[in-house]
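Chain A is already provided as a structure; the job is to place chains B, C and D on it using the hints.
Protein chains: 4
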Amino acid sequence: MNTFGALFRLTTFGESHGPAMGAVIDGCPAGVALTREDVQRALDRRRPGQSELTTSRNEADQVELLSGLYEGKTLGTPIAAIVRNTDARSQDYQQLAKVDRPGHADAVWRERFKHRDPRGGGRTSGRETLSRVIGGAVADALLARELPSLSIVAHVSRVGPLSAQPPSPLTRQLVDAHPTRCADPSVAPKIAEAISDAKASGDSLGGMITVAISGAPVGLGEPVFGKLKARLADAFAGVGAVTGVLWGPPELASRLELRGSAFHALSDDGLPSEVYGGIQGGLTNGAPVIAHVLFKPPATLAEHAKAGRHDPCILPRAVPVIEAMASLVFADLWLSFLARPHR
Amino acid sequence: MNTFGALFRLTTFGESHGPAMGAVIDGCPAGVALTREDVQRALDRRRPGQSELTTSRNEADQVELLSGLYEGKTLGTPIAAIVRNTDARSQDYQQLAKVDRPGHADAVWRERFKHRDPRGGGRTSGRETLSRVIGGAVADALLARELPSLSIVAHVSRVGPLSAQPPSPLTRQLVDAHPTRCADPSVAPKIAEAISDAKASGDSLGGMITVAISGAPVGLGEPVFGKLKARLADAFAGVGAVTGVLWGPPELASRLELRGSAFHALSDDGLPSEVYGGIQGGLTNGAPVIAHVLFKPPATLAEHAKAGRHDPCILPRAVPVIEAMASLVFADLWLSFLARPHR
Amino acid sequence: MNTFGALFRLTTFGESHGPAMGAVIDGCPAGVALTREDVQRALDRRRPGQSELTTSRNEADQVELLSGLYEGKTLGTPIAAIVRNTDARSQDYQQLAKVDRPGHADAVWRERFKHRDPRGGGRTSGRETLSRVIGGAVADALLARELPSLSIVAHVSRVGPLSAQPPSPLTRQLVDAHPTRCADPSVAPKIAEAISDAKASGDSLGGMITVAISGAPVGLGEPVFGKLKARLADAFAGVGAVTGVLWGPPELASRLELRGSAFHALSDDGLPSEVYGGIQGGLTNGAPVIAHVLFKPPATLAEHAKAGRHDPCILPRAVPVIEAMASLVFADLWLSFLARPHR
Amino acid sequence: MNTFGALFRLTTFGESHGPAMGAVIDGCPAGVALTREDVQRALDRRRPGQSELTTSRNEADQVELLSGLYEGKTLGTPIAAIVRNTDARSQDYQQLAKVDRPGHADAVWRERFKHRDPRGGGRTSGRETLSRVIGGAVADALLARELPSLSIVAHVSRVGPLSAQPPSPLTRQLVDAHPTRCADPSVAPKIAEAISDAKASGDSLGGMITVAISGAPVGLGEPVFGKLKARLADAFAGVGAVTGVLWGPPELASRLELRGSAFHALSDDGLPSEVYGGIQGGLTNGAPVIAHVLFKPPATLAEHAKAGRHDPCILPRAVPVIEAMASLVFADLWLSFLARPHR
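Chains as they are written, first to last, in the numbering used here: chain A, 1 to 343; chain B, 1 to 343; chain C, 1 to 343; chain D, 1 to 343.
If we strip away everything but chain A, and leave its shape as in the complex, we get (with noise of 0.2 angstroms):
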C-alpha cells in the first residue's frame, strides 16, 4: 500500500537509487493556486546537506511537475512530480547488497519480498520522505484557500537528555531559523552540540518532534473509526523511526499518575481546552491539536555506515516531514467535511 488517504489520496513511488522518486496527488479540487516553487520549496526544507549537522549526501532534488497544473493553478486532476535521483553513488552500496545491515530492515525486506533492491535501502530508504513532503505541499496549497486560518507548525521538542520549551506562538520561520528547528534559543545550541557528538563519534540519537495544529474548525474527523488522533497515529507512526506518539500535555509521566478529578481540572475555565489534546470523541474541538512524535535514534552507526552516507539524528530533517503528513490528514479531513452535510 503506497496511498495515503481517502479523498485526498497520495500515492508515492520510488527507489533511493532507481531513476526518480515521485508522487501523485489525487482528488486536489480545481481551481487552487499551485507552482512548482511552492512545491520545490517545501522540498528544501527536508533536503540534505543544509547544515553539518545532516548527511554530507547534497542532491539537489529539484523537482519537475507533469501533469494536474494549468497557468498556475489545479485542474481537479491528478498532480503527478517526480525527483530524479542525481546523487546516486550506487556503487558506495554494492559492497552491502549482500550484507543485512544490523539495525535495517534488510533481512526482514528479504524473507518477506525475496527479491530486494540493495541499493541504499531502496524503497525503505527515508528518502521516501521526499514523496510525502510533496504531497504535502499540496495539501498546504489547498489548505491555504479552504482553511486560511489553520496552522502546523512542528518543532524538535527534545534530542537525547535534552528538552526544549519553545515560545509561543510558533510560526515555521522560527522553527527553521535555527538548524536543529529546536525553537527554544536556550536549548538549541546544546542540542546543536550533542548532534555534532554523536556525530564525531560515530553515533546517533533519538527525540522528540512537537506538532500544533491550530485553527481549524471544530468537528473535523470521525467519531468511531477514523478518529482524529487514530488518523494522526497513522500519519505519524508511518514515518520511518517513529516509536510513539502522544497526544496532550507532554509531561507524560504526569499524565498517568493524575486522577481524573486532578486531569479534568486543568480545563475547568470551560473552553474546550488543550488538556484533550484538541481532540474530543475523535474530532477537533477548538482548541490547538497537540501531538508528540517520539524517534528512536538511527540504526546505522559509523562503523558499518562509512560507504552510506547518513544522518546522526535525523529529527531536524524529519520535521518538515511531520508537517506534510499532518496536512495530508488535515486535508483529507477536510475534504471528507464538506462531504458530510449535517443539517
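Worth flagging that the hints you see were computed from the coordinates, not collected in a lab.
All of these numbers come straight from a predicted model, not from anything done at the bench.
Check each hint, because a few of them may be wrong.
[As the list claims (entries may be wrong)] Keeping only pairs whose Cα atoms sit at most 25 angstroms apart, straight-line, the calculated BS3-like set for lysine-lysine is: (1) K73(B) / K114(C); (2) K114(B) / K114(C); (3) K73(A) / K73(D); (4) K114(A) / K73(D).
Then chains B, C and D, alone, in the frame of chain A:
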C-alpha cells in the same frame, strides 16, 4: 467511517440506548470454525458488572448471529451479529439531554452533527467497543486456523502511579485471573485498592495497557503506508480514552536518552530483537510485537455522573478491546500477505 | 465484497434461509428525515406475492431499524436495518441440498467456497436485493433533501419480444399502476399475458428495464475511472440476471449503424442532448440520463423448481431494485461532488 | 478518482498536452519478470499512426520506467512509468481554447471544474488510455506468471453495419494481422474501406469490440457486489466512447426473445456453458467469459476537427485498451482470490 480494515473488514453500528449494537464482518473466508458461543465468550470478557471495580450497568449482552454461518462454519459471506440494549434506562439520561457533560464530546458532536442522540452518549458511548469485540472474536477464529502459533495477549501494566511486571509468557487466562487484569501478583491487589478508592471518592484513574503479539510470521505489514506500527497505532488510538501509543521497551525516558550505540547494542546477539518492538521497516521481524497503550482517566466524575453509570477505571475492561483491535489488524494483514505472492 | 459505494456506503448481509437479511448504510449525513415507514414502503414495492405474476413465496418482509435514527431524523451514524426470514420453509430445499440446480451458480459457488448454504441459494438468492432496496430508501431520503428536483424512475420496457413506449414524463406511481410495471397501456396487458403463459407452461421470460434519471446537476461523475456510465454499469450489472447495460437511445441496431454525422446531428439543436444518454466525459450533462438494463430469463424452470418458488419473469420486481441501485450511485456521487469544491 | 482496482491498483495521470502521461501500478507482487520492452510493446499496439486508418498524430510514445523494477523483475514496490508528450502542437488547439467543441465534454467539464486545460481535451483526451495500456502490460506480466493458461483477446466484431465472425481460437497475433483488428478475413477489408470512406467524407463510425477471456480458474469474482460482470462493465464502460456492454451470445435480439426453456437448453449438455457468458453467480464458471463492448462514432467530425487530429473510427486502437482493462480486472481478482483461502 464505521468500517475498519481493508480485506478483513469490520463495520459497526449502534447507539448506546438505541435498539441494538451490532457488527458486520466481511471478508472472512469460508470454512472457519465459529459458533455463537465463541462470540459470546469474547463479549463476556468485556461485559460490565463483572466485579465491583466496574460500572454497575449490568447487561447480559447476549449476542445473536444473523448471517454468515452454517453448521458451525463460516460461509465466506458477511457475518452479522447484534446485541440488544436491554438495560437502557434512558430516562436516567433525559436530564442530561440538554446539558453538555464536561469532559465529554457532547458539545463537539452537537456542533459537528447538528442532531445528536443525547441518551448515554449515543454512538460516542464506550458501549460501541462491544462491536469491536465481536469483530475480534471472528478475527481470532480465522487466526486460529491460519496462524495457530499466533498469540495476542494484553494486560494492565500501569494504573495511576502503580506499574506492574507480569510473568512471561502470559496467557489470557492468567490475565483474566484477577479482576484488574493486572498479571503481576504483587501489584494487582494495590491496583484494585486504588480503583476502589477512586470509586469511593468519585474520582477516576488512567494507566497503561501493554499488548504482546508473538508467533507472527516474518514480513506482515507494509513498507511505506500501512506499516505495522501505523496500523496498530491507528487501531489502538481509535479506542475512546487512549492518549498515546508506544512501541518496544517500556522505559520511555531511557529510550529517549539512549544514544544509538547503546540502543542498538540491546540487540547485538544478532537475533531479531525486541528492541524494535518486533517491527522493522514496517514489517514483523519475528520477535514479539510489543505495544503500550496509554489511557487518560475517564471524564465522568461522580458529581456529574450519578445519573449515568460509569467505570472509575476503564483499563480492566479495555484489555479485551485492545486485543480485539490487534486481532482485527492481524487478520487483515494476513489476508493482505496472502494476496501478494512474492516469489 | 459486500459493500457498495465510496462515501455513501451500503453493506449487505444475509442468507435466504438464515435468520435475517440486513443492510448497514454508512455515510448518510445527519438530519435527514427518515422513518421506518419510508423504508417499509420501499420494501413493499419489491415484495413477492404482490400479484399472480410473481412467486408465491409471501413474506411480510417487515423491516426493523436498529440504529442511526433519533426522533425521525438520521444521526449521521450507521443506519442498520434487518428483515427476518419468516417464511423460510427450508425443508423444501433440503432435497436440493446435495444437487446442483441447473442454471444456478451452485456448482461454481461450491468450487469457490468449499462450504455453502444449500437452502434456497443462501447468499446467491435474489432475496439479497432486499438489502439493496433498504439502501436505496435511505439514499432517496438523502437525495430528497439535497437534490429535490432529481427523479429516478425505472419501468419494464420489454419482455420477451414485446416492446413498450411509455408516456413521458413518467413517475413511480404511473409505473406501479400496472402489476407488470410496464407503463405503456397498450403493451402492459400483453406482457401480463405472456408472463402468465410462461408461468403456466413452466417457462420463464427475460426483457429490458429502462431507467431515466432527470433533474441531476451538471457535472456528477468522474472523468476517468468512476465515469457515471461506469458507475451505473457496475451498479446494474451487479444485479442477478442482468446480461447487458446500454446508454442513450434504445435502438441498439441503428446506433451501431449510424455514422457520426447522423448520430451527432440528433443533438444539433445545441442543447445538452439525450443522444449521449445524459452523460458526457463521464459526467452528467444536464439531459436525462437514460440506461437500459437487459435481463436473461430466470434459470429456474418449473420442472426443477417445483419444490422452490420462483418468478417466471423477474422484471416487475426488479424495477425497484434498479431504482435503488441508481439512487445509491447518485447519493454517493453527490457526496463526492460536495467533497470537491472546484472554484 | 484516478485509481482502478482494489489490490492490483492502477493510478493514472496526465493531460494530453501537458509534460507527460503516466501510470503508477501498486500491488504487483515482487519477482514478476518485466522489462521496459514489455511495456513498450504494449504501447506500440495502441500507438497512433500505425496505419492510414488512424489519426495522423504520430508520437513515438516511448515509455520510461521510474521505479519498481530491479534486474528485470518487479520489486513489489510501486511501478511508475511515464510517456512524454513530444508531438503536442498545442497551438493547433489554441483556437479551440475558448470554444466548446460540439459532441465533446468541454462545456460539462467547464461547469464542473471551473478551470480546465483546453489543449486537445486535456485530461479528457483519449490519450489518457495510454496509461491504462501501461497498467495492462504489468497486469499481463503478473498473469503470465500466476495464470499461464489465461488468454485475453479482443477483436473488432462490428463497424457500422458490418458484422464479423472471427475464427476460433483467436490470438492477439491473429487480430493484429489486419490494421482494422477485425479477424474475419472476409469482412476486414470491407471495414477498412468503410473507415477510409468515413475519413474521406469527414465522418466517423462506431461499432463493437468482442473480448474473450479463457483459461481462468473457476470462482473468480464476488457473489454480490463486485460480480465479475459488474467489474468488467465498470472497466469497459469507463472507456471513452463506450455506450453499452453485453455478455454471452452476441445475438442481442434473440436473447431478449428467448424463453427460459430455449435459453437454458443451450447449455443442456451439462458442461459449463457459454450461454452465461462464462459467469454464474458473479463468478467465472470455467467457460470462456465473453463480453461485447459497444462504441458510438467519435464526436469529432472533420469540419470541427481539422485543427486537431482524430480517428474516424477508434475501434482498432481501442482493442488493446479493452484488453488492458480486462487484464487489470483479472489481475485484481486473482489477488483477491488468493486473499480468501476458503477451506
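- Indices of hints not satisfied (ascending): 2 and 3
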